[in-house]
Amino acid sequence: MAMLHDAWLIARKDLKLEIRSRVALNQVVPFALLVLVLFAFALDPDRGLLEKATPGLYWIAVLFSGLLAMQRSFAVEAADGVTDALRLSGLAPAGIYLGKTLSVAVQLLVLEVLLGVGVAVLYGTSITGWLLLLATIVVATAAISTAGTLFGVVAAGLRVRETLLPLLLLPVLAPVLIGSTRAFEAALSGTPSEGWPWVGLMSVFAAVYVVAGIFGFGPLMEES
Amino acid sequence: MEPDDPTSRSGTEPVVHLRGAVALLGRFPALAGVDLDVDRRRIVLLRGANGAGKTTLLRALAGLVPISAGEAVVLGVDLRTDRQSVRHRVGLLAHGLGLYDELSVADNVRFWTRAARADLADAESAMVRLGLDGRLSDVSVGRLSAGQRRRTSLACLIARRPELWLLDEPHAGLDKEGRDVVDELVRDAAAAGATIILSSHELDRAIDLADEIVTLGGGVALDESGEGGDGHVA
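Going down the list, the protein sequences come from chains A and B. According to our numbering, the stretch in the first sequence is residues 207 to 430, in order. According to our numbering, the stretch in the second sequence is residues 948 to 1181, in order.
The shape of chain B in the complex, shown without the other chains (with noise of 0.2 Å):
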């Protein structure tokens, strides 16, 4: 699965770019000054204890989540001043998954390939690669596993070819099996020119699948003495 079009931005430009980013969920400053650099194609995992910021980070960047002092430019967005224009072109799995109980896994699949103007070729061959082909895709999403859910939620985000993946613990209520999909899925997405961000608690696994790791605490990224550092991924 390729992104739209990898090839149109700068190659020098990083694709997230945060300078002292602070996000606040009401009064409480869920990022506190979040430093961090991620280049085009590569694979970083967010690490830390609940709590630390991560989810509310992977927000922010899919600009749900307002950054209210900072720098904060994501794929060449400015979102101090515009949160809505970046949002079509990340895929964002995140813990609530976005898709229609009464829905078949096909009708959620395809609405959500054809909300994204992408090829409905897309939305079939995505769900040949999650395993939710054949007698699953008429199945209504109330009817399935947490992890044939998941699974659903990730083939509507594959099939949107998003430029930038956020993932918020992809790996959580998944078989194994799924897991290693999740793993080739990703590694596939960086290898088209796609830019991955995840955070999860299996570390093992998502060390070996990551190009770097940063680690977050207190709403900032530390560095390795567990001090704030800047963050630079590249």
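The shape of chain A in the complex, shown without the other chains (with noise of 0.2 Å):
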């Protein structure tokens, strides 16, 4: 229970931050809308293949964005003197790493909407499948913040954290990013069937980051 009031109390704070500072509404929903933008300009609307593309670029945007917010979730600790203030606090390094993997999930996921009404209306996808899509995006949300959470803290006492996170998170990223790929295709083409598999490898390799975080936080803190 201890840990779960730690989570509760990290969460809440971080999202509040965020609310004040408004940094994930003015840099990266923008930044999500322009990678979409972009997208569409690159690949021709009128040749299909944008069609085809859609559920790749969604993804690649949604993990492009969430990179950003995972770093802004480590930079606020890092100034300061706060990660000691951290250490000193009492507060269960596993309640600190599930409160951040919910504050980023919960960024992520306000992210994940907009960017699929930027899809609708930018791209002209008809959205299909409601529930596999549904999903696919709320276990690849935990997958991808489990994961980012993690990594967030291993690059986080590094001075060249900036660059080093998105070097360690893009490759351990890519059975998500395939996963959720697939999913949305199946969603999309109207063969949910063929999605739910990867689904379910999704939510295992979240299950897993789940534990591995639970369990190396702390030590990865230790060392940041």
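Some hints could be false.
Covered, in the sense of this in silico footprint (three residues per stretch, anywhere, with C-beta under 8 Å from a C-beta of chain A), are these stretches of chain B [to be verified]:
(1) 969-983
(2) 1032-1038
(3) 1062-1076
The set of hints was computed from the structure by calculation and includes no laboratory data. Idealized CB from N, CA, C, for every residue including glycine.
From the two separate chains plus the hints, produce the assembled complex.
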């Protein structure tokens, strides 16, 4: 219970920080929408290529934008001795991990909804297979945020964290990118049964990282 | 502000016991064999030139810097084997104040109070005590002056009711009124059963405040002749 109390405390604090600073609203969301627009310019909608590539483009936009949110999540802890204050606080490291994961996940979900609207409007994508789409979004978000938070603390203590985090994280998230893209393709093409195994794969991925985070975040925070 | 349960500890057991304590920063021995004993309710001033090891000693006592050789027991916890257990029982006012710039004063103090599982009423009284109540409580920390930020950090510390206060330059950046408040807080905390170890370059003020003075030089506690001493403070 203490771990959940700490997780809620951290998540609430992080989200309050984001609401007050408006970094996500003023920087991450415009960046994500800009990526979508640039993809639309690069892949001419009239040639049908954009329609085929929409699931992959959507998740690449989510990943790139999510990286900003994850870097921000640890940047606020690196300033002005906050990391030491967290170590001294008595908060359970596993609670800090779960709280930061929850906060990143909430930001990603908001971002994904906005990007979904952007894809529908900019790419003219007709949305079908709602149940599979929603399940994919929830599970992929969990996978990205659980792994991202764990790798975020690895990079947090390093001077090159801004460049190191994408280098560490993007290869690790390749299975999530593939799984979420395939699941979206299945949903949008009207063959949802082909998408559910990918949802299962991403669920396992998220579960593995939750366990790794609960046990590994403390020692990693100690080294950061 | 009383510490959590100051009566639970033995009256004779020192709050801090160091013998030949060594702490390395990289390969450099920032503490090169410090001997120090501090009993409960004492106010101890650490003095010494820049680089003498004051900040490292305070961070080591907080369990943030590993002790690589010697004996180091704080609040009954052996820091050689367990640095985590002591952390929530100490309060460290460091150069980095541990505040979130985008959050308000009240949000910061309440967050760190909740994190320590202390009573939220203590957060409110700490803000009043440090003159951070009223309109100031809703101001983002990033918009405060250096002195107001330091007072906010102090409010976070006292609301947690630590048993051992570790104050690194607590008077720095404060006006006279603020420094008087710090001194009053330190005396009250010691009277309530806490132990305070502070470093300060404001020696006139700090010497008046302290029960004992320990001089550090070259990472060791010096005796009155300037040689390495046993650093016993009781």
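Find the hints from earlier in the document that the structure breaks and name them by number, from lowest to highest. As far as the earlier hints go, only 1 is violated by this structure.
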